[in-house]
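Chemist: If you're matching them up, the sequences are chains W and V in order. The opening position of the first sequence corresponds to residue 1 in the UniProt record's numbering, with each subsequent residue numbered one higher. The opening position of the second sequence corresponds to residue 1 in the UniProt record's numbering, with each subsequent residue numbered one higher.
By construction, these hints were calculated from the structure, which means they are not laboratory data. Errors might be hidden in some of the hints.
As the list claims (entries may be wrong) - Here's a subset of chain V near chain W, in silico, CB distances under 7 Å, partners left out:
| no. | residue |
| --- | --- |
| 1 | A415 |
| 2 | L436 |
| 3 | W468 |
To be verified - Have a look at the derived ranges for each label pair, beta carbon to beta carbon:
| no. | chain 1 | residue 1 | chain 2 | residue 2 | range |
| --- | --- | --- | --- | --- | --- |
| 4 | V | E310 | W | P5 | 52 to 60 Å |
| 5 | V | E357 | W | D467 | 44 to 52 Å |
| 6 | W | T243 | V | G31 | 39 to 47 Å |
| 7 | V | N506 | W | H373 | 38 to 46 Å |
Every residue, glycine too, gets a C-beta built ideally from N, C-alpha and C.
2 protein chains.
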Amino acid sequence: MTVHPAHTRVYKRGEHSNIEVPYTRVALTNGETFDRYCTEGPGSDPQVGLPPFRVGWIEDRGDTETYDGRATQLVDNGRAAIRSGAARGEWQGEKREPRRSTGGAVTQMAYARAGIVTPEMEYVALRESCDVELVRSEVAAGRAIIPANVNHPESEPMIIGRRFLVKINANIGNSAVTSSIEEEVDKLTHAITWGADTVMDLSTGDDIHTTREWIIRNSPVPIGTVPIYQALEKVNGEADRLTWEIFRDTVIEQCEQGVDYMTIHAGVLLRYVPMTARRVTGIVSRGGSIMAGWCLAHHEENFLYTHYDELCEIFAQYDVSFSLGDGLRPGSTADADDEAQLSELRTLAELTARAWEHDVQVMVEGPGHVPLHLVEENVRLQQEWCHGAPFYTLGPLATDIAPGYDHITSAIGAATIAMHGTAMLCYVTPKEHLGLPNRDDVKTGVITYKLAAHAADIAKGHPGARDWDDALSKARFEFRWRDQFALSLDPVTAEEFHDETLPADNAKTAHFCSMCGPKFCSMRISQDVRDRFGADLTPEDAALGMKEKSAEFLELGGTVYVEEDVPDRL
Amino acid sequence: MTVHPAHTRVYKRGEHSNIEVPYTRVALTNGETFDRYCTEGPGSDPQVGLPPFRVGWIEDRGDTETYDGRATQLVDNGRAAIRSGAARGEWQGEKREPRRSTGGAVTQMAYARAGIVTPEMEYVALRESCDVELVRSEVAAGRAIIPANVNHPESEPMIIGRRFLVKINANIGNSAVTSSIEEEVDKLTHAITWGADTVMDLSTGDDIHTTREWIIRNSPVPIGTVPIYQALEKVNGEADRLTWEIFRDTVIEQCEQGVDYMTIHAGVLLRYVPMTARRVTGIVSRGGSIMAGWCLAHHEENFLYTHYDELCEIFAQYDVSFSLGDGLRPGSTADADDEAQLSELRTLAELTARAWEHDVQVMVEGPGHVPLHLVEENVRLQQEWCHGAPFYTLGPLATDIAPGYDHITSAIGAATIAMHGTAMLCYVTPKEHLGLPNRDDVKTGVITYKLAAHAADIAKGHPGARDWDDALSKARFEFRWRDQFALSLDPVTAEEFHDETLPADNAKTAHFCSMCGPKFCSMRISQDVRDRFGADLTPEDAALGMKEKSAEFLELGGTVYVEEDVPDRL
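Pulled out of the complex, with its shape left as it was, chain W reads as follows (with noise of 0.2 Å):
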């Protein structure tokens, strides 16, 4: 599906002669094109789901081998398979067998550090349009990662670091108390369709497993989860009962299915949990809260701690990607960088050197609700203290006050966090704090942390970054409404708001607009103005021509203007 009809995909072709990466060319009125990174993928069947075209790639190493994976129980997919003795809704597309590695770490920080420059970074050269070496050196470094489970040959390569474009995720996810697979499979291409760069599924419901295992084949980006979440189901939802055991099958697992990410939040210690105690808001992130649950229940270190080597070796036999949870992150302005959103920060770098020594890679979650004042602090210090590792936040929200417009408070955050160094942001919608996002509210998210992103990218001087919001103010100068609709991040939003007050068809192509109406229009005189002075004269020819004015100005009290008034940079 493209949203507009002057959208066609392109494909730009690298070396490898099967690396093509998509791009959507906007074809404008003008005989202009302008081509968008996509994030679409080529569309599936959700009975099928997608062609795994990286198969070939993979097998290539020669450093994995497939095997008989672990076998799917009733409880994978929690407890109304359990009651029912069946799970609903399974998967009907190829199964195939899960890969792994044949010995040592088969990660694209491996490679990286090997030297070794894969197609996955050439598609990703291409992809940011940079040098493939600065792909490969930021992933050595750590700096940027390459989510790409070898179980997931469907996705399309992407890369997280601030070097390159600030990317997006979009949280789905069915929980106890709604939505079905079809509505989550329906999400995830509502998502990337209007731009998501990666899809976390948070399912906590009914046939997690299921609806995990539809997501993933469909799914042509990184899929990131919190695999805590399914290990709580199949305690049925009691923290107590959690152990390491259970935990690292439901890992194993995911990673069996696809997983390119998961979120981990081996950061809450037992001694950090009390310096919540006094917050106005406690623990809100859920997965810190069940950990901090587990740890005061059996009053001993949290598990994901003192099993993280563990972790990190079936992490790099996958090449799963940490996203090491931020689980005592401020849930109110008030509560942040306080004593245990900190201490949890410095834990968590101690965990990403830890990943590293295992060529793992890893991202750092990051808050969730933060003043503006302390917005740069926040990524200075985890730039600081995890290597420079790229940091992964939830919004954050400038504000507490505005409920039902949290997409907003936290597009604030957002772009003022990613302007300052931030690698990814995770979108939050309009019904955060209030309730489950349906479908279009996964659009509005998607689209706020989208414009989020870009200004950030044009803040940070990206290299090209603002071609598009000159493509489209130049659109805008020249009347040519439906390019301006044509390179929106909304095409159909922007239409339909224009038709709203001039529906005629001729409004699209009239040189006019409803707020000032036919009579008179700015942008016309301004075009006046270029046709007298035409867009090439500069201003001091433009002033020589009317020095017969000068004295004129001078009587009547103009300053003259001096250009050493003005700042070197202009």
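We have chain W; now place chain V onto it with these hints.
Modeler: Just chain V, lined up with the frame of chain W:
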């Protein structure tokens, strides 16, 4: 109209018996209350208008007199009135004789400079919960303004300055292609109900004079206009035919009606016009392009600049404040901070100083479209060059690629520019660049800008600003759903969104939400943490209670938390 059953109107009383500052009191289910700044006014029958409660204050000063005002002419209501020979919807309420100075300046600035504390200043001090001397001294210094035309005695005094709460303006007004008087009055009421601090009537269509009369008589907030719009209507939309005399007459017409501040594009100088020729989006300010068009047509200097001192004399007689228009503001991120914009800003600085010589209050308008990394500089230059006069910006939009979402692209820039010292933010609605805002767009724009302004108040560390966030977050943490709604900027939407997933009435008292479901809840677990450790227990004490575990921590490679590692201010 109050927007929520838990909201009631309360009044803070000052020394003057008749100073009563309205607040919205939110009654919480735990017996506490929270008072919110209120812009809604006492409410009025549109046919009758609001009581002119400031008349006594104005008369007591003994420096103004009523007089036979300028006779209304058909042309004041535009071409339709001329065609039909009568204006539509004439104001039916009481018609008061206009009032003006008997001699000297009757501006709040003149009083402040003379060391006089006016009831308006007392009102503002109560409203801002600050010392009245701060109000007087900031107004005297020109760093803040209290827009309060002596002919708008219905208005509740408010202040615009960086030392005070960040304010927001909502634009309404009909255009050549849309809407009626009733609609515009309804938009006014809607805007102030949701929190607009001032409203600008930017009508450019028919019945301009009459529409404005209805708006002013019913407005408890200051009303701003762009008089050149009406002047242009008087010359059939032909900028070339504008004259100082027509403009002057229009300004007096509006001074007598009670307009509190007027946007004057006196900084668009003839020699700056060519500087826009090479821009991506030329001149996008309507007023700016009108004056640019006039300057080019006549090859003469802008008559607003050449007659500026006369304008100051007129404004001083009614206490009308200047909003110095940025007619050359950038209309795209590409044009931000260019020679045209900064040249005009230098002239606005000169005009600010000249207005102050007449004791006339001034604020300076700003962009527009500005990439995030240039936002802070825009405030810094304006504050330095314009001697600290209040900055009043339109957004700015942080990117151009999201028409239909420009309330968001601009809220990002607005929160940031306000954090750095902008005093008032002009809202942008979702219809920006596409059409005229309807009633719903006005609400969305106002709520979006209220949250942006509040985010800035928090970031500035404005006294008490975060209390609102803390009250709402506390309600959220304690599952006081009804309180969370009542405290929201938009209680209606917050409750609707919640009910979409959990409509049952008991869900509003339930200790869970639709995100985690009833079986497990992160908030509940952190409640357990608090119950176990107590909100008063220090982390240090709690750590002691865990001493027996510390050996284990070390065995497990847990690094003991070192206080010194954390920045002092934590």
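Chemist: It remains to establish, for every hint, whether it holds in the given structure.
Modeler: Checked hints:
1. A415: holds, 5 Å
2. L436: holds, 5 Å
3. W468: Since chain W brings a Cβ to about 5 Å from V/W468, closer than 7 Å, the hint holds.
4. V/E310 with W/P5: 52 to 60 Å: holds, 55 Å
5. V/E357 with W/D467: 44 to 52 Å: The hinted range 44 to 52 Å holds for V/E357 and W/D467, with Cβ atoms some 47 Å apart.
6. W/T243 with V/G31: 39 to 47 Å: Given about 44 Å between the Cβ atoms, the range holds.
7. V/N506 with W/H373: 38 to 46 Å: holds, 40 Å
In summary, this structure violates none of the numbered hints.
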